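2 is the number of the first residue of the sequence shown in my numbering; add one for each residue after it.
It cannot be assumed that every hint is accurate.
Said to hold, decoys possible - With a straight-line Cα cutoff of 27 Å, these simulated DSS-like cross-link-like pairs (lysine-lysine) come out:
1. LYS34 <-> LYS20
2. LYS14 <-> LYS30
3. LYS30 <-> LYS20
These are calculated hints, taken from the structure and not from any lab test.
As the structure is a prediction and not an experimental result, all values here were calculated from the model.
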Amino acid sequence: MSLTLANIFCLFKAALDIKIQGCMIELFKLVTKDIPRAK
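Kindly produce the complete structure, drawing on both the sequences and the hints.
Structure follows, in structure tokens:
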């Protein structure tokens, strides 16, 4: 196993990006679901 610090950072950043995207999508779903009821 020759995982350099750069490799670990890249993997961590990629995982974080995916996690953030998932959160944004869930948030977007909640917001768009609540819009019709607000009117």
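How the hints compare with the structure:
For the given pair, LYS34 sits about 21 Å from LYS20 by alpha-carbon distance, which is consistent with the 27 Å threshold. In summary, the hint linking LYS14 to LYS30 is supported, as the alpha carbons are separated by about 24 Å, within the 27 Å threshold. For the given pair, LYS30 sits about 15 Å from LYS20 by alpha-carbon distance, which is consistent with the 27 Å threshold.
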